[in-house]
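There are 2 protein chains.
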Amino acid sequence: MLRTLELAHRRKTVRRFSQEPVDLNKIMQAVEVAGEAPSGANYQGWRFSIILNPNIKRTIREASEEGEKAFYGKVSGDWKEWLNDKKLSHSKPYLENAPVLLVVFARNDVPYSTESVWLAIGYMLLALEELGLATVTYTPSDTRLVENVIEVPEGYRLEAILPIGRSGGDTSKQPRESVDSLVKIYR
Amino acid sequence: MLRTLELAHRRKTVRRFSQEPVDLNKIMQAVEVAGEAPSGANYQGWRFSIILNPNIKRTIREASEEGEKAFYGKVSGDWKEWLNDKKLSHSKPYLENAPVLLVVFARNDVPYSTESVWLAIGYMLLALEELGLATVTYTPSDTRLVENVIEVPEGYRLEAILPIGRSGGDTSKQPRESVDSLVKIYR
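Chains as they are written, first to last, in this note's numbering: chain H, 4 to 190; chain Z, 4 to 190.
Just chain H, with the same shape it has in the complex (with noise of 0.2 angstroms):
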């Protein structure tokens, strides 16, 4: 089997986290694979800052929840469905509990960054995997509010937060799609 399939296949996200410390090389050659990603004009325009401070790992939790509140508060259909079904809520302890969290910045005005970034989380969600570390990829409802908060690399911006640590409890992943019913071939 394909070593990409299998991490693939047993890689799921997880919200709950070991209070095991990690090691930071693992981090380190996490955001190394992410690195390798191309870009759009080869900017690589990602940054990243590794939190292991509690006291800023607490504020950014805060700040993420006030986000969450006012978004939980007039979310609605079927994304609310599935987010009272998953029990989750506007509070995120894993921003705070999770032994790391990586921030994942975007560069302004570089063509296709949003794009970019995400190719590059998937290249990091695999190595986290193969480094038998989990997370999820979160993205606060309210971005500004956590920015208004951390130190934000200047002409960048918050796409994304990575509670990252080993996983704390047993979740099982979410059901997917069979191949065929995602493709159509044209011959």
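To be clear, the hints were calculated from the coordinates, so they are not data collected in a lab. Small disclaimer: the values here were computed from a predicted structure and weren't measured. Be a bit skeptical, because a hint or two may be false.
Quick list of simulated restraints, FRET-style, between CB atoms [to be verified]:
#1 Z:K187 to H:T174: 28 to 38 angstroms
#2 H:E23 to Z:F74: 29 to 39 angstroms
#3 Z:R61 to H:L27: 19 to 29 angstroms
#4 Z:E23 to H:K89: 40 to 50 angstroms
#5 H:L91 to Z:L86: 16 to 26 angstroms
#6 Z:L55 to H:W82: 32 to 42 angstroms
#7 Z:L86 to H:T174: 42 to 52 angstroms
In the BS3-like style, the derived pairs of lysine-lysine whose C-alpha atoms are separated by at most 27 angstroms in a straight line are [said to hold, decoys possible]:
#8 Z:K77 to Z:K89
#9 Z:K77 to H:K29
#10 Z:K187 to Z:K176
#11 H:K15 to Z:K29
#12 H:K187 to Z:K29
#13 Z:K29 to Z:K15
#14 Z:K29 to H:K29
#15 Z:K176 to H:K176
#16 Z:K89 to H:K29
Even glycine gets a Cβ: it sits at the ideal position worked out from N, Cα and C.
Following the hints, complete the assembly by docking chain Z onto the known chain H.
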């Protein structure tokens, strides 16, 4: 060494393809890997068209180049310089010459669909590298021109076109910044 790091290091963008046919099974495997990616509210808002038909490829090339002509007429600054350096122009022969075009669609009106689709493309690029296949992630400058001449799944939009095949030339990988320059650590 991590397998993901090895694949990410080795993988480079290719715009010239050998005429050797590509095993359709391999494309399906790459799609299977992509389909394992996480997505906003697990919507899996991605669909893929595998184009083997030469007439459809030519039509896609023509519609794409029409948009590129307008774009190349107005691009300026660093981006223009990069395009000149790389000898890129409005001409996109790989859209006609690559053995396979994989057209990637993103679902409208679901949360974080652009982000999710590009994350899945990240998974796919590592899978293609493992399968010995090369590609470039091409987004037409004017996606509507291409959407007008191909079948677009209802409720989806064109996000990218990946010409896929074995590499047909010796291009070197664009340099990458060092990991240390990408990261700031908060202890």
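Hints versus structure:
1. In this structure the hint that K187 of chain Z and T174 of chain H lie 28 to 38 angstroms apart at CB holds, the actual value being about 31 angstroms.
2. For the pair E23 of chain H and F74 of chain Z, the beta carbons lie near 50 angstroms from each other, so the given range of 29 to 39 angstroms is not met.
3. R61 of chain Z and L27 of chain H have their C-beta atoms about 52 angstroms apart, which leaves the hinted 19 to 29 angstroms range violated.
4. Remark: the range hint 40 to 50 angstroms for E23 of chain Z to K89 of chain H is upheld by a beta-carbon distance near 45 angstroms.
5. At about 43 angstroms, the CB distance of L91 of chain H to L86 of chain Z disagrees with the hint of 16 to 26 angstroms.
6. Checking the proposed 32 to 42 angstroms range against L55 of chain Z and W82 of chain H shows it holds: the Cβ atoms sit about 37 angstroms from each other.
7. For the pair L86 of chain Z and T174 of chain H, the beta carbons lie near 45 angstroms from each other, so the given range of 42 to 52 angstroms is met.
8. A threshold of 27 angstroms between alpha carbons decides the hint, and for K77 of chain Z with K89 of chain Z the separation of about 17 angstroms falls inside it, so the pair holds.
9. Only pairs whose Cα atoms come within 27 angstroms are accepted, and K77 of chain Z paired with K29 of chain H is rejected, the gap being roughly 44 angstroms.
10. Distance check on the hinted pair: K187 of chain Z and K176 of chain Z sit about 26 angstroms apart at the alpha-carbon level, within 27 angstroms; holds.
11. A threshold of 27 angstroms between alpha carbons decides the hint, and for K15 of chain H with K29 of chain Z the separation of about 23 angstroms falls inside it, so the pair holds.
12. With a C-alpha separation of about 15 angstroms, the suggested pairing of K187 of chain H with K29 of chain Z holds against the 27 angstroms cut-off.
13. Note on K29 of chain Z and K15 of chain Z: the hinted pairing holds, with a Cα-Cα distance of about 18 angstroms set against a maximum of 27 angstroms.
14. With a C-alpha separation of about 31 angstroms, the suggested pairing of K29 of chain Z with K29 of chain H is violated against the 27 angstroms cut-off.
15. Proposed proximity of K176 of chain Z and K176 of chain H is contradicted: the alpha carbons are some 35 angstroms apart, above 27 angstroms.
16. Taken as a hint, the K89 of chain Z and K29 of chain H pair is broken in the structure, with Cα atoms around 34 angstroms apart against an allowance of 27 angstroms.
The structure does not agree with the numbered hints 2, 3, 5, 9, 14, 15 and 16 stated previously, though it agrees with the rest.
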